[in-house]
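Kindly generate the complete structure, drawing on both the sequences and the hints.
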Amino acid sequence: MSVSLQQSSASAVLEARRAHNDKLARKADQARAVWFPLTLLALLSLLPLLQLSGNYNYVLHIVLFTASYVAMASSWNILGGFTGYVSLGHAVFFAIGGYFSGMILARFGISTIVTAPVAGLVAAIAGYLIGRITLNVRGPSFIISSIALLMIARILFDNWAFIGGANGVTLPVNSLSAQWAKVPYYYAMLAIAAVTVWVSYRIKHSKFGLGLRAISKDEVKAESAGIDTRFYKVLAFALSAFFVGMTGAVWGEYLTYLRPNIFLIILVSANLVLMCILGGKGTIAGPVIGAILIVALNELFVATMGASELNILGTGLVMALGLIFFPLGLVGTLARRGKLPRVLNWD
Amino acid sequence: MTDIIQILILGLALGGVIALMGSGLALVFGVMRIVNLAHPSLIIAGAYIAYWGAKLTGIDPIVMLPVAAAIMAGIGVLMYRLVFEREARNAKYSEMTVLLTFALAMIVEGVLGGLFTNTQRVTSPGYATDAFFLGDLFIPKGQLYAGLISLVIIGALSLFLKYSRLGYAIRATTQNREAAELLGVNVNLISVLAFAIGIGLAGAAGSLVSFVFSFFPAKHWEWIAMLMSVVVLGGMGSILGTVVAALLLSVIAAFVGTWVGATWSTMTFFLALFVILLIRPQGLFGEKPEMA
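Sequences listed follow chains A and B, in order.
Here the first sequence is numbered in numbering that gives the first Met the number 0, starting from 0 and rising by one per residue.
Here the second sequence is numbered in numbering that gives the first Met the number 0, starting from 0 and rising by one per residue.
Because the hints were derived from the structure by calculation, they are not lab data.
Predicted, not measured: the structure shown is a model, and the values here were computed from it.
From the three backbone atoms N, C-alpha and C, an ideal C-beta is built for every residue, glycine too.
Hints should not be assumed to be uniformly reliable.
Unchecked claim - Where chain B lies over chain A, by a calculated footprint (3+ residues, C-beta under 8 Å): (1) 130-140; (2) 149-163; (3) 269-278; (4) 317-325.
And the structure:
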């Protein structure tokens, strides 16, 4: 009698909890403004129509440039934001993707837009192998190892004659008129950015994403709770290398040349970190907002001051101030205060 | 045989300078758990002080050393007060400081680049291009002086840490921050002091570096991984370990540079860093596996 009573009360508790969880989930669904990024994407995909009425190449370039950083920052966020492993070496995957597809374009004339997924895969495999090694260390040691990785890659790329060494490789220019030359890359980059944001959203809402966030809170406890932390971390690293590699592939052809001092510089990595920190590490909208802000700031710096030294100074200043005063980033800080506007809640 | 001795001498002389470059980094990490990625950029700032001292007044960079050290120590105090003091309460402190010092490195690079442009500079006192000859061997005077002065400074630092009361307090803080505070050490003051000494060492190293290497504001990215490998191999925070590691690695790098090729000699440091982090993250002399 009492046993059955206990069972029924236990099931009642479970039932109540499930109902409560459903209510929370529904509330979160209501708060989430998924329509906003979708509308934005739709509007941006119509933007090249402007070319029919004049020359808006600069506008297209800026959106393309921003999209490339949205993709890379969101991709970085899968590792750095969700698991808390800050990598300053992601420029390596940018270079691997760019060079892989770029060399195929230079040798066989196949557009990088076609080979970009393969380039992403190559970058992901590299990320997997590197992650197997470097993810054994945590915290500052991991950050330092990622810088060392970048330095090693730079020396290798600078001295590898097959890929042009420090002089790099010049890629063929596509046959479209100047009016439409940017458009294929525009759509490719927009698609990569959209897919990356979508994937990071899916990851965040999966058991895998939950595991990653558990790792960022307390890795030892996560491990003892039965999460295969090693596998999770390495997989996150490979995934975050994948989209950076794809972006690199398309970016290389868009630039029409590959050179180590464009792809393999620490400023590329630093920008990714900066965008995620400024926007909000571990959120979906954060890297997107961060990328838009940083590209806008960059354009402002370049337009008003021109010099690249001041650019570095500006990047450093924004990063330091952001870290000191808004360590949670724009989205994170607003969400913490309960003042996040609904259009920015994509989580 | 003379070849080997020759390479050994060159490696050791350079190693002395690298040891001084790394010792400030080790001290700052030891006392405050700050991985100071801005350290090499501050070394370059010190080098610019020596460079302009030599250029404008003709003062020898070695004479400028205390001036550069003092100026940089002042900047160190400023940096600590402005940036790191408030971060000390942060839970993810040591990871946060890596990013913060990374940002600081960019700021320093940007300021130096804006002021002095990205041209390669080097101070050229008479001895920089001169050498001693011992039979078949030659010892470049510049590197020899720089290496010897570095070792003297590190020796003085070790004596200070070992025998003075302040040095005692610094070492106590390195070993156990809370316990030191309980025993009446003013941990905050010690932190400022250690930070100032660490950055001062960067200034001192800078004035020596100014005639050993050519430098420009963006050069510090090459040095950061090199210095980190020295400090990590030395055991993150151990000055003696840093010296041993610097001498060891730069001798290996000198051999690699001669026998394999000059571009690969810097690779020695990066690969070493990688391997050490994997095999023995606590370094040669370190005891704290918590870093792993």
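Hint-by-hint comparison with the structure:
1. Closer than 8 Å: that is the beta-carbon criterion, and the region 130-140 of chain A has 8 residues meeting it against chain B, so the requirement of 3 holds.
2. For the region 149-163 of chain A, the assignment as covered by chain B holds, since 5 residues bring a beta-carbon within under 8 Å of that chain's beta-carbons and 3 suffice.
3. Three residues within the 8 Å Cβ limit are the bar, and the region 269-278 of chain A against chain B gives 3, so the coverage statement holds.
4. Beta-carbon proximity to chain B at under 8 Å applies to 4 residues in the region 317-325 of chain A; the threshold of 3 is reached and the given coverage holds.
Violated hints: none; the structure is consistent with every hint.
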